[in-house]
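A.B. asks: Residue 242 is where the sequence shown ends in our numbering, and the numbering goes up by one at each step.
FYI, nobody ran anything at the bench for these hints, they're computed from the structure.
Because the structure is a prediction, the values reported are computed rather than measured.
Fair warning: there could be bad hints in the mix.
Unchecked claim - Keeping only pairs whose Cα atoms sit at most 25 Å apart, straight-line, the calculated SDA-like set for lysine to any residue is:
1. 213 x 235
2. 157 x 69
3. 140 x 93
4. 70 x 220
5. 140 x 70
6. 157 x 37
7. 70 x 9
Said to hold, decoys possible - Computed beta-carbon distance windows for the label pairs:
8. 234 x 22: 41 to 47 Å
9. 32 x 213: 40 to 46 Å
10. 17 x 58: 43 to 49 Å
11. 27 x 63: 57 to 63 Å
12. 19 x 41: 30 to 36 Å
13. 136 x 189: 36 to 42 Å
14. 187 x 26: 58 to 64 Å
Backbone N, C-alpha and C fix where the C-beta goes; we use that ideal spot for every residue, glycine too.
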Amino acid sequence: MKLIKWLLRLMSRLLFWFLVLSVGGVVLFKFVPVPVTPLMLIRMLEDYNDENRQVKFSYNWKPLSEICPELPLAVVAAEDQKFLTHSGFDREAIEKAFESNKSGKRIRGGSSISQQTAKNVFLWPERSYLRKGLEAYFTVLIEFIWGKKRILEVYVNVIEMGPGIYGAEAAAKEYFRKPAAQLSRQEAALIAAVLPNPRRWNPSKPTSYNRQRQQWILRQMNNLGELRYEYDYK
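Make a model of the complete structure from these sequences and hints.
C.D. replies: Take a look at the structure:
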């Protein structure tokens, strides 16, 4: 009995501190730029341990007001067109991904931008039920505490956009030799076009498939129009 009581007390304390630290971290990053993510650290360690790779880390946080509005629009058009209307989870996309994967086709993800942001900032990239459960938990938190505008701001800043390249500013300077604020609509769509596999594709050297996807994204951007958040964009 004593052992059971001790274990229960231990579990309750661990749960308490997990809640305190997780909620506290989400609140902190509502106002403070994310300094580094688990994926960034994992990638650097992988590159360090591989003698055939160069250790590279390019990351420069910028507020949305200093990023071309075309880029957030492009990633929403490419990754999650229901981003502004769902509560963190696109059920239709999840169901389609489940059916596709169950039928034995190419593994397909159904994660929303909110889910991807939660995973990138707070978790690790491994596929597991534990990580997916924590991802859902953090997705609910950031939807409630951050709101859509902050989620998108974090997403376009921390997402992997190439080997050792993270976020809009680093990608804009690496691929187009200009700050993110000066990206054109076509360049923004091209960056979004390589997001499914940024370590394989290069926006400055697009394949024919990348060009086709860029054109599709541009059409979707025209259909979506301007992104309107719960707060003024500027």
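A.B. asks: Tell me if the straight-line CA distance from residue 157 to residue 37 falls inside 25 Å.
C.D. replies: Holds: residue 157 and residue 37 sit about 13 Å apart, inside 25 Å.
A.B. asks: The hint says 40 to 46 Å between residue 32 and residue 213; measuring C-beta to C-beta, is that right?
C.D. replies: 43 Å, holds
A.B. asks: Take the C-beta atom of residue 27 and the C-beta atom of residue 63, compute their distance, and say whether it sits inside 57 to 63 Å.
C.D. replies: 36 Å, violated
A.B. asks: Confirm or reject the claim that residue 17 and residue 58 have a C-beta distance inside 43 to 49 Å.
C.D. replies: 44 Å, holds
A.B. asks: Quick one, are residue 70 and residue 9 close enough, alpha carbons at most 25 Å?
C.D. replies: 55 Å, violated
A.B. asks: For the pair residue 136 and residue 189, does the Cβ-Cβ distance stay inside 36 to 42 Å?
C.D. replies: For residue 189 against residue 136, whose Cβ atoms are near 38 Å apart, the range 36 to 42 Å holds.
A.B. asks: Tell me if the straight-line CA distance from residue 157 to residue 69 falls inside 25 Å.
C.D. replies: 15 Å, holds
A.B. asks: Does residue 93 lie within 25 Å of residue 140 when you go C-alpha to C-alpha?
C.D. replies: The hint holds at about 22 Å.
A.B. asks: Would you check the hint for residue 213 and residue 235, treating anything up to 25 Å between C-alpha atoms as holding?
C.D. replies: 28 Å, violated
A.B. asks: Could you see if the CB distance from residue 19 to residue 41 stays within 30 to 36 Å?
C.D. replies: 34 Å Cβ-Cβ, so the 30 to 36 Å window holds.
A.B. asks: Next pair to validate is residue 70 with residue 220; report whether the Cα-Cα distance is within 25 Å.
C.D. replies: Since the Cα atoms of residue 70 and residue 220 sit roughly 29 Å apart, the hinted pair is violated (cutoff 25 Å).
A.B. asks: Can you let me know if the beta-carbon spacing of residue 187 and residue 26 is within 58 to 64 Å?
C.D. replies: 39 Å, violated
In the structure shown, a violation is registered for the earlier hints numbered 1, 4, 5, 7, 11 and 14, in ascending order.
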